[in-house]
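Chain residues, written in single-letter form:
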Amino acid sequence: MTLTLRNIAKTFPGGTRALLPTDLDIAEGEIVSLLGPSGCGKTTLLRIIAGLETADAGASIRFKDDDMTHQPVERRKVGMVFQSYALFPNMSVRGNIGYGLKMQRLPRAAIDARVDEVIALCRLEPYAGRTITALSGGQRQRVALARAFAPRPRLLLLDEPLSALDAALRGTLRDELAALLRQFGITAIFVTHDQDEAMAIADRVAVMSQGRVAQIGTPEALYRAPETAFVARFVGNSMPLGGKIDGGTLHLPGGDLTLNATATGKAAFVRAEDVKITADGPLTARVETVTFLGTHYRIALSGATDAPLFCLHQGLTAPKPGETVRVTIAPHAILTLEPEKAAA
Amino acid sequence: MRIGKALQLAVTLLAAAFLLVPTIQSVLAGLTVNYFQGLKSGLTLKWVIEVWALYSGSIFLSLGIALACLVMTLLIGVPAAYAMARNPGRLTRALEEFISLPLAIPGLALALALLQLYGSYKGFRLSWTFILVGHVLYTLPFMVRAVMSVLAAIDLKTLEEGAASLGAGPARRFVDIVIPNALPGILAGALTVVTLSIGEFNLTWMLHTPYLKTLPVGLADSYASMRLEIASAYTLIFFVMIVPLLLAMQWASARAQRITR
Amino acid sequence: MSSRLFVALCLVPLAVFALTFLALPIVRLILSSGEGEAGWGIYLQILQTPRYLTTLVQTVLVSLAVTAAALAVSTTAGVFLTRNHFRGRSVLLSILTLPLAFPGVVVGFMIILLGGRQGLFNTLLPGHVVFAYSIFGLFLGYLYFSIPRVLLTVMAAAEKIDPALEEAARTLGAPQHRVVLDVLLPALAPALIAAGAIAFATAMGAFGTAFTLATNIDVLPMVIYTEFTLSANIAMAAALSVCLGLVTWVILFVARMFSGTTVAAGG
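First to last, the protein sequences are chains A, B and C.
Its first residue numbered 1, the first sequence is counted upward by one per residue in the UniProt record's numbering.
Its first residue numbered 1, the second sequence is counted upward by one per residue in the UniProt record's numbering.
Its first residue numbered 1, the third sequence is counted upward by one per residue in the UniProt record's numbering.
Just so you know, these hints were derived from the structure itself, not from any lab.
Misleading hints may appear alongside valid ones.
One-sided and incomplete, this derived list gives chain A residues near chain B with beta-carbon spacing under 7 Å [said to hold, decoys possible]:
#1 L52
#2 E53
#3 M80
#4 F82
#5 S84
#6 A86
#7 N90
#8 Y99
#9 G100
#10 L106
#11 L135
With a Cα cut of at most 25 Å, we get these calculated DMTMM-like pairs of lysine to aspartate or glutamate [what the hints assert, rightly or not]:
#12 A:K244 <-> A:E227
#13 B:K122 <-> C:E35
#14 A:K320 <-> A:D306
#15 A:K244 <-> A:E340
#16 A:K276 <-> A:E323
#17 A:K266 <-> A:D306
#18 B:K157 <-> B:E96
#19 B:K157 <-> A:D65
#20 B:K157 <-> A:D56
#21 C:K160 <-> B:D221
#22 A:K102 <-> A:E74
#23 A:K244 <-> A:E288
#24 B:K5 <-> C:D182
#25 A:K64 <-> A:D116
#26 A:K102 <-> A:E125
#27 B:K5 <-> C:E159
#28 B:K5 <-> C:E167
#29 B:K40 <-> B:E50
#30 A:K64 <-> A:D25
#31 A:K102 <-> B:D155
#32 A:K320 <-> A:D280
#33 B:K157 <-> A:E53
#34 A:K64 <-> A:E53
#35 A:K64 <-> A:E74
#36 A:K320 <-> A:E338
#37 A:K244 <-> A:E338
#38 A:K77 <-> B:E96
#39 A:K77 <-> A:D23
#40 A:K266 <-> A:E227
The C-beta atom is built at its ideal place from N, Cα and C for all residues, glycine as well.
Take the sequences, apply the hints, and build the full model.
Below is the structure:
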């Protein structure tokens with residue numbers, strides 16, 4: 001493993017435990033995302049890796065054979081892209097990108113050559129001489145990435161790199177960022193609270209909750225086989241079905257559903273896209289609201305489960321509010337997990 | 001409503017006249033042959049030249065002290081403002097409050113305090129550095145506040161973290177990031193320091209010696225013992241020095257404040 | 001060198017300077033005040049000696065009058081200049097703010113030029129119109145340097161008032177004077193308190209103006225000065241200084257709690 005984290009924990013003055021003891025291994029060239037809601041400890045973990053926060057005693061951060069646990073940030077050789085970008089307003093785009101190289105005391109010519117190379121790589125040629133204030137949000141984001149990457153760091157850290165952008169731009173830049181990181185071929189860790197972002201960019205995603213890593217795996221694995229109720233909810237917005245599981249059957253207010261396997265005592269979850277309205281479904285439900293979303297309808301159903309059940313309905317028409325419909329959920333689409341309290 | 005507006009304008013103009021008329025009088029008085037006879041007695045530079053002969057030493061002393069005061073406040077104030085901006089909190093507020101005491105406590109009281117403690121060290125008491133200490137005491141809070149307010153407005157912590165992640169140590173960050181970004185505040189603070197130092201009287205009057213008279217001390221001297229034309233000519237010279245500085249100071253402060261917003 | 005150490009080092013020059021030339025002298029001044037014949041009873045003596053007590057009352061009264069006048073004039077002018085943009089506005093603004101850094105002595109001279117024996121009024125008006133050396137002259141002098149300070153504070157606050165507030169009041173049918181009363185003045189209140197405190201504290205401690213004008217006016221700074229230089233009553237000078245410093249500091253400190261900034265003192 002390239003980066004080995006052992007027993008990383010953080011207790012803030014005042015006793016708040018931002019991060020519980022955490023282990024993480026990251027392979028060379030891998031792009032890992034730390035995904036979770038705000039306050040889950042993901043940024044704290046990233047800042048500890050960067051050296052911007054100190055972990056509680058007993059932690060170990062190793063990069064290959066180099067123990068960097070006690071190295072100050074300026075000697076860790078990590079590149080960091082900040083949420084606000086932290087571009088130096090007193091320097092031009094070139095000045096910013098060349099700053100890390102200047103700190104390495106490289107000769108002028110070498111700095112210039114490398115800055116040119118990175119500017120070309122990030123397609124920043126037209127802006128090289130500009131001041132930071134003359135750049136748009138998307139351009140700033142690329143300059144921040146170029147600046148972090150220029151000094152050839154052994155690890156690139158990105159803290160919510162897209163959150164400062166408006167929604168329309170975020171989608172485009174997400175794909176661009178994913179492509180650039182792949183092109184760099186660098187080991188990277190990036191923090192986000194947006195599951196789409198994590199899935200689009202990362203090789204592996206570590207879902208974090210309340211100061212610990214709940215599950216780590218490929219985006220597909222997390223989506224298809226969440227291990228905890230939290231992961232199921234957070235990745236792909238699974239809804240708890242409620243009701244009661246008895247052997248291979250789930251008893252719900254609107255009828256019974258068959259499960260793939262016996263799961264007595266567990267909780268059942270389903271995603272909206274797996275809830276189907278069919279003429280002969282086993283559940284009876286009443287249509288509460290219908291929202292047209294272009295590619296599909298989002299329908300809120302009551303009566304089938306204790307809480308409202310949402311269904312993504314494709315087709316040219318949709319049932320009207322107030323109508324009674326039959327609903328089915330395929331056995332393989334029902335996730336049976338430990339009830340939430342135990343998971344949290 | 002019309003009347004209200006007219007009244008407001010009248011008050012504004014009256015206030016402006018109250019402030020402006022005597023300054024014009026002093027300019028004219030400093031340039032007329034005989035103020036008592038009025039302008040018809042003719043214009044002259046005689047008084048200005050006489051003031052220069054009498055008080056040029058005071059003027060140069062004031063300029064020298066103002067520059068030395070600027071250097072001191074830069075050396076003491078800029079690093080301190082940085083440290084205080086980096087550690088906002090109760091302790092920093094208390095420290096800021098403490099070093100701002102010379103703004104709240106009348107200069108006379110401060111001068112007495114300095115005299116009580118250091119008056120017997122003759123070498124210090126009789127040198128220009130004793131006056132300098134008073135001026136630094138009085139102007140330092142302006143420098144610290146001007147720099148702090150600019151540093152508080154930029155996201156200093158993240159900028160520094162950015163530089164640190166690129167390999168810059170603390171001293172390097174101070175030179176490369178902190179100072180360039182604090183420049184508008186440093187400039188505003190510097191102009192304020194020089195302006196206030198040149199005009200400082202309350203402390204200086206108590207701290208000065210017969211051989212070390214600053215410009216305002218000389219002014220007080222001329223008001224008490226010289227004819228009106230000479231006092232006016234001296235005031236005129238003071239205006240010529242201080243007004244451009246004041247205008248520059250207001251410009252720089254407005255510029256720094258735009259950043260703070 | 002660690003970051004923490006560097007930041008700590010940045011405070012060293014300030015700490016050394018403030019300790020040597022601010023903290024220790026103030027302690028010495030307080031101790032000096034108790035070293036007279038009366039000991040610490042000197043503070044009681046201030047209240048029992050009619051001369052000091054009258055001076056104190058007189059200083060407070062002049063300062064209060066100056067504060068009220070400066071607030072009235074500068075608020076009117078400040079609000080007017082914030083809300084009306086016309087040719088010559090910036091010149092007017094410069095005239096009203098430039099005396100900010102005039103030393104007290106110069107301000108005193110300005111009053112002499114207006115109301116002294118060779119002053120404007122005595123020359124233009126019939127009879128003997130000399131007011132520069134009276135308590136009224138002192139009042140005018142203090143007003144002279146208070147107007148710019150109050151004006152700047154008021155204008156800074158007035159510019160921050162959202163114009164939509166006034167527009168909202170108008171759409172609800174409020175006439176102009178109600179808008180001023182219900183919207184403008186409440187929004188300006190913190191600034192007015194702060195500015196008033198600055199004007200008051202500055203007037204209390206002003207020495208230069210009194211020094212230039214005062215032939216026979218007993219205000220606190222002048223009494224301190226004469227106690228120190230003429231009577232060589234060092235303990236009393238120190239005790240009065242401590243009282244004066246304490247009063248002005250407390251007033252400004254309280255004002256600071258109402259508004260973030262204070263403009264330079266010293267007149």
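Right, here's what the structure says about each hint:
Interface restraint check: A:L52 against chain B, minimum CB-CB distance 5 Å, threshold 7 Å, status holds. Proximity of A:E53 to chain B is violated relative to the hint, the smallest CB-CB distance being about 10 Å (cut-off 7 Å). Proximity of A:M80 to chain B holds as hinted, the smallest CB-CB distance being about 4 Å (cut-off 7 Å). Checking A:F82 against chain B: minimum C-beta separation of about 6 Å stays under 7 Å; hint holds.
Of the supplied interface hints, the one on A:S84 holds, with its beta-carbon coming within about 6 Å of a beta-carbon of chain B, less than 7 Å. For A:A86, the suggested interface contact is upheld, since its CB lies about 4 Å from the closest CB of chain B, less than 7 Å. A hinted interface residue such as A:N90 counts as satisfied when its beta carbon comes closer than 7 Å to some beta carbon of chain B; here the least separation is about 4 Å, so the hint holds. For the restraint placing A:Y99 at the interface with chain B, the shortest Cβ-Cβ distance is roughly 5 Å, inside the 7 Å limit, so the hint holds.
Checking A:G100 against chain B: minimum C-beta separation of about 3 Å stays under 7 Å; hint holds. With a cut of 7 Å, the hint placing A:L106 at the interface with chain B is violated, because the nearest CB-to-CB distance is about 11 Å. Of the supplied interface hints, the one on A:L135 is violated, with its beta-carbon coming no nearer than about 15 Å to a beta-carbon of chain B, more than 7 Å. For the hint pairing A:K244 with A:E227, the CA-to-CA distance comes to about 20 Å; that is within 25 Å, so the pair holds.
Distance hint between B:K122 and C:E35 is fulfilled; the C-alpha atoms sit about 22 Å from each other, no more than 25 Å. For the given pair, A:K320 sits about 21 Å from A:D306 by alpha-carbon distance, which is consistent with the 25 Å threshold. A distance of roughly 14 Å separates the Cα atoms of A:K244 and A:E340; the hinted pair therefore holds under the 25 Å criterion. Restraint check: the Cα-Cα separation between A:K276 and A:E323 comes to about 15 Å, which is no more than 25 Å; the hinted pair holds.
Note on A:K266 and A:D306: the hinted pairing holds, with a Cα-Cα distance of about 16 Å set against a maximum of 25 Å. Proposed proximity of B:K157 and B:E96 is supported: the alpha carbons are some 20 Å apart, at most 25 Å. Between B:K157 and A:D65 the alpha-carbon distance is near 31 Å, which puts this suggested pair outside the 25 Å criterion. Distance restraint check for B:K157 and A:D56: the Cα-Cα separation of roughly 22 Å lies within the 25 Å cut-off, and the hinted pair is therefore satisfied.
At most 25 Å may separate the alpha-carbon atoms for a hinted pair to count; C:K160 and B:D221 exceed this at roughly 44 Å. Of the supplied pair hints, the one linking A:K102 and A:E74 holds, its CA atoms being roughly 13 Å apart against a limit of 25 Å. As the CA atoms of A:K244 and A:E288 are separated by approximately 24 Å, the hinted pair is consistent with the 25 Å bound. Under the criterion of a C-alpha separation no larger than 25 Å, the hint pairing B:K5 with C:D182 is consistent with the structure, at around 18 Å.
Distance restraint check for A:K64 and A:D116: the Cα-Cα separation of roughly 30 Å exceeds the 25 Å cut-off, and the hinted pair is therefore not satisfied. The hinted pair formed by A:K102 and A:E125 meets the criterion: a straight-line CA distance of about 20 Å does not exceed 25 Å. Distance check on the hinted pair: B:K5 and C:E159 sit about 18 Å apart at the alpha-carbon level, within 25 Å; holds. Between the alpha carbons of B:K5 and C:E167 the distance comes to roughly 18 Å, so the proposed pair stays at or under 25 Å and holds.
For a cut-off of 25 Å, the pair hint linking B:K40 to B:E50 stands: about 21 Å separates their Cα positions. Our distance criterion of 25 Å between C-alpha atoms is met by A:K64 and A:D25, whose separation comes to about 11 Å. At roughly 23 Å between alpha-carbon atoms, A:K102 and B:D155 fall within 25 Å of each other, so this suggested pair holds. For the suggested pair A:K320 and A:D280, the alpha carbons sit about 18 Å apart, so the restraint of at most 25 Å is met.
Proximity of B:K157 to A:E53 is assessed by CA-CA distance (about 13 Å); at most 25 Å being required, the pair is judged to hold. Of the supplied pair hints, the one linking A:K64 and A:E53 holds, its CA atoms being roughly 21 Å apart against a limit of 25 Å. A C-alpha spacing of about 18 Å is found between A:K64 and A:E74, which places the hinted pair at or below 25 Å, so the restraint holds. Restraint check for A:K320 and A:E338: the C-alpha separation of about 36 Å exceeds 25 Å, so the hint is violated.
Taken as a hint, the A:K244 and A:E338 pair is honoured in the structure, with Cα atoms around 13 Å apart against an allowance of 25 Å. Among the hinted pairs, A:K77 with B:E96 is inconsistent with the structure: their alpha-carbon atoms are about 37 Å apart, more than 25 Å. The suggested pairing of A:K77 with A:D23 holds, with an alpha-carbon distance near 21 Å, which does not exceed 25 Å. Between A:K266 and A:E227, the direct Cα distance comes to roughly 12 Å. Compliance with the 25 Å bound is thereby established for this hinted pair.
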